[in-house]
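As given, the protein sequences belong to chains P and H, one line each in that order. Under this note's numbering, the residues of the first sequence are numbered 1 to 117, in order. Under this note's numbering, the residues of the second sequence are numbered 118 to 232, in order.
Source of the hints: derived by calculation from the structure; they are not laboratory data. Watch out, some of these pointers could steer you wrong.
[To be verified] Capping the alpha-carbon separation at 25 Å, the derived lysine-lysine pairs in BS3-like fashion look like this:
| id | chain 1 | residue 1 | chain 2 | residue 2 |
| --- | --- | --- | --- | --- |
| 1 | P | K36 | H | K224 |
| 2 | H | K224 | P | K44 |
| 3 | P | K40 | H | K224 |
| 4 | P | K52 | H | K219 |
| 5 | P | K67 | H | K175 |
[Claimed, not checked] For the chain H half of the interface with chain P, some residues (derived, Cβ under 7 Å), not all of them:
| id | residue |
| --- | --- |
| 6 | Y149 |
| 7 | G160 |
| 8 | L161 |
| 9 | L163 |
| 10 | F180 |
| 11 | E181 |
| 12 | K185 |
| 13 | S201 |
| 14 | E205 |
| 15 | K219 |
| 16 | I220 |
| 17 | K224 |
| 18 | G225 |
[Said to hold, decoys possible] Beta-carbon label-pair distances, calculated as ranges:
| id | chain 1 | residue 1 | chain 2 | residue 2 | range |
| --- | --- | --- | --- | --- | --- |
| 19 | P | A72 | H | A134 | 39 to 45 Å |
| 20 | P | K41 | H | K219 | 38 to 44 Å |
| 21 | H | L124 | P | N57 | 30 to 36 Å |
| 22 | P | K52 | H | G133 | 45 to 51 Å |
| 23 | P | K41 | H | E181 | 21 to 27 Å |
| 24 | P | N57 | H | S120 | 34 to 40 Å |
| 25 | P | D70 | H | L135 | 44 to 50 Å |
| 26 | P | S80 | H | L124 | 35 to 41 Å |
| 27 | P | K41 | H | L173 | 24 to 30 Å |
| 28 | P | N17 | H | A171 | 50 to 56 Å |
| 29 | P | D70 | H | G179 | 35 to 41 Å |
| 30 | H | H127 | P | K52 | 26 to 32 Å |
Yeah, the Cβ is synthetic: ideal placement off N, Cα and C, and Gly gets one too.
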Amino acid sequence: DTAVSQTPKYLVTQMGNDKSIKCEQNLGHDTMYWYKQDSKKFLKIMFSYNNKELIINETVPNRFSPKSPDKAHLNLHINSLELGDSAVYFCASSQRVLGNRKNTEAFFGQGTRLTVV
Amino acid sequence: AQSVTQLGSHVSVSEGALVLLRCNYSSSVPPYLFWYVQYPNQGLQLLLKYTTGATLVKGINGFEAEFKKSETSFHLTKPSAHMSDAAEYFCAVKSRGYRDDKIIFGKGTRLHILP
Numbered sequence: 001d002t003a004v005s006q007t008p009k010y011l012v013t014q015m016g017n018d019k020s021i022k023c024e025q026n027l028g029h030d031t032m033y034w035y036k037q038d039s040k041k042f043l044k045i046m047f048s049y050n051n052k053e054l055i056i057n058e059t060v061p062n063r064f065s066p067k068s069p070d071k072a073h074l075n076l077h078i079n080s081l082e083l084g085d086s087a088v089y090f091c092a093s094s095q096r097v098l099g100n101r102k103n104t105e106a107f108f109g110q111g112t113r114l115t116v117v
Numbered sequence: 118a119q120s121v122t123q124l125g126s127h128v129s130v131s132e133g134a135l136v137l138l139r140c141n142y143s144s145s146v147p148p149y150l151f152w153y154v155q156y157p158n159q160g161l162q163l164l165l166k167y168t169t170g171a172t173l174v175k176g177i178n179g180f181e182a183e184f185k186k187s188e189t190s191f192h193l194t195k196p197s198a199h200m201s202d203a204a205e206y207f208c209a210v211k212s213r214g215y216r217d218d219k220i221i222f223g224k225g226t227r228l229h230i231l232p
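Please build the complete structure, drawing on both the sequences and the hints.
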């Protein structure tokens, strides 16, 4: 049973198109993230949601719009795709507090490789 | 602001040799510390983490790391490398602040295992 699942795994599309990536976690976590990994493997956080509320938005272009319909889902919609958007996008989740302690690690999905041509 | 520096974008070791991957962090307060591993075309898997307590942390696959506050370091080691250890390794930090959930990653170190 996959803990954090993303669809699709691969996405090839033309410049100017609009596309969405879906993410679901079955861990019961309250916090979800989107990370972008570029061609040099550098991982940069894009967004973070806690209980469906946007917590972090790391100066990502407005063409990127996350949507969290519930705690278990965080989707990423991208408008007017550009060549520079080509990357691997990772969804992750964590639980902010576990018992009376702040929880720490995040669990990652398998990634979505987006190629814009 | 927190940051993570991994020394060496590529490290090569012979099978059976010691693995040492270096990580230094910058933070006004010691953060939570992690090592993640990424195999080709896969997501990130947690190897180990330091939150509190014992500064030598043991993880999966025979890896361990030691938190050294005075050196702001969290280097990853494994006594004997195996071919299956070839992967990308990321050091990461997370603030201890309650509402700060951001995990910041280093740039990664590609580990090559020589036969």
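Verification of the supplied hints:
About 13 Å separates the Cα atoms of K36(P) and K224(H), which keeps this hinted pair within 25 Å; it holds. The straight-line distance between the Cα atoms of K224(H) and K44(P) is roughly 10 Å, inside the 25 Å bound, and the hint therefore holds. With a C-alpha separation of about 8 Å, the suggested pairing of K40(P) with K224(H) holds against the 25 Å cut-off. Distance hint between K52(P) and K219(H) is fulfilled; the C-alpha atoms sit about 16 Å from each other, no more than 25 Å.
Between K67(P) and K175(H), the direct Cα distance comes to roughly 37 Å. Violation of the 25 Å bound is thereby established for this hinted pair. This hint holds: Y149(H) has a C-beta 5 Å from the nearest C-beta of chain P, less than the 7 Å allowed. Residue-level restraint check for G160(H) holds (minimum Cβ-Cβ distance to chain P is 4 Å; threshold 7 Å). Taking 7 Å as the C-beta contact cut-off toward chain P, the hint placing L161(H) at the interface holds, the least distance being around 4 Å.
With 7 Å as the threshold, the beta carbon of L163(H) comes within range of chain P, its nearest partner Cβ sitting at about 5 Å, so the hint holds. This hint is violated: F180(H) has a C-beta 15 Å from the nearest C-beta of chain P, more than the 7 Å allowed. The beta carbon of E181(H) is not positioned within 7 Å of any beta carbon in chain P (closest approach about 17 Å), and the interface hint is therefore violated. At about 19 Å, the closest approach between the beta carbon of K185(H) and any beta carbon in chain P exceeds 7 Å, and the interface hint on this residue is violated.
Residue-level restraint check for S201(H) is violated (minimum Cβ-Cβ distance to chain P is 19 Å; threshold 7 Å). Because the beta carbon of E205(H) sits about 6 Å from the nearest beta carbon in chain P, less than 7 Å, this interface hint is met. Taking 7 Å as the C-beta cut-off, the interface hint given for K219(H) holds, the closest approach to chain P being about 6 Å. Because the smallest distance between the Cβ of I220(H) and any Cβ of chain P comes to about 6 Å, under 7 Å, the interface hint for this residue holds.
The closest approach between the C-beta of K224(H) and any C-beta of chain P is roughly 5 Å, which is under the 7 Å cut-off, so the hint is satisfied. Contact between G225(H) and chain P, as hinted, is supported at the beta carbon level, the nearest pair being about 5 Å apart and thus within 7 Å. Restraint check, A72(P) to A134(H): a C-beta distance of roughly 44 Å satisfies the suggested window 39 to 45 Å. Roughly 19 Å separates the CB atoms of K41(P) and K219(H), a value that falls outside the hinted 38 to 44 Å.
For the pair L124(H) and N57(P), the supplied restraint of 30 to 36 Å holds, since their beta-carbon distance comes to about 31 Å. Here the CB-CB span from K52(P) to G133(H) is close to 50 Å, well matched to the stated 45 to 51 Å. One distance hint, 21 to 27 Å for the beta-carbon pair K41(P) and E181(H), holds here, with the actual separation near 23 Å. For N57(P) and S120(H), the Cβ-Cβ distance of about 20 Å falls outside the hinted range of 34 to 40 Å, so the restraint is violated.
Distance hint for D70(P) and L135(H): a CB-CB separation of about 47 Å, consistent with the stated range 44 to 50 Å. A hinted range of 35 to 41 Å for the beta carbons of S80(P) and L124(H) is consistent with their spacing of about 39 Å. Separation of K41(P) from L173(H) is about 28 Å and conforms to the stated range, judged on CB atoms against 24 to 30 Å. As the Cβ distance of N17(P) to A171(H) is approximately 51 Å, the hint placing it in 50 to 56 Å holds.
A hinted range of 35 to 41 Å for the beta carbons of D70(P) and G179(H) is consistent with their spacing of about 39 Å. For the hinted restraint 26 to 32 Å between H127(H) and K52(P), the CB-CB distance of approximately 41 Å leaves it violated.
The structure shown violates the earlier hints numbered 5, 10, 11, 12, 13, 20, 24 and 30.
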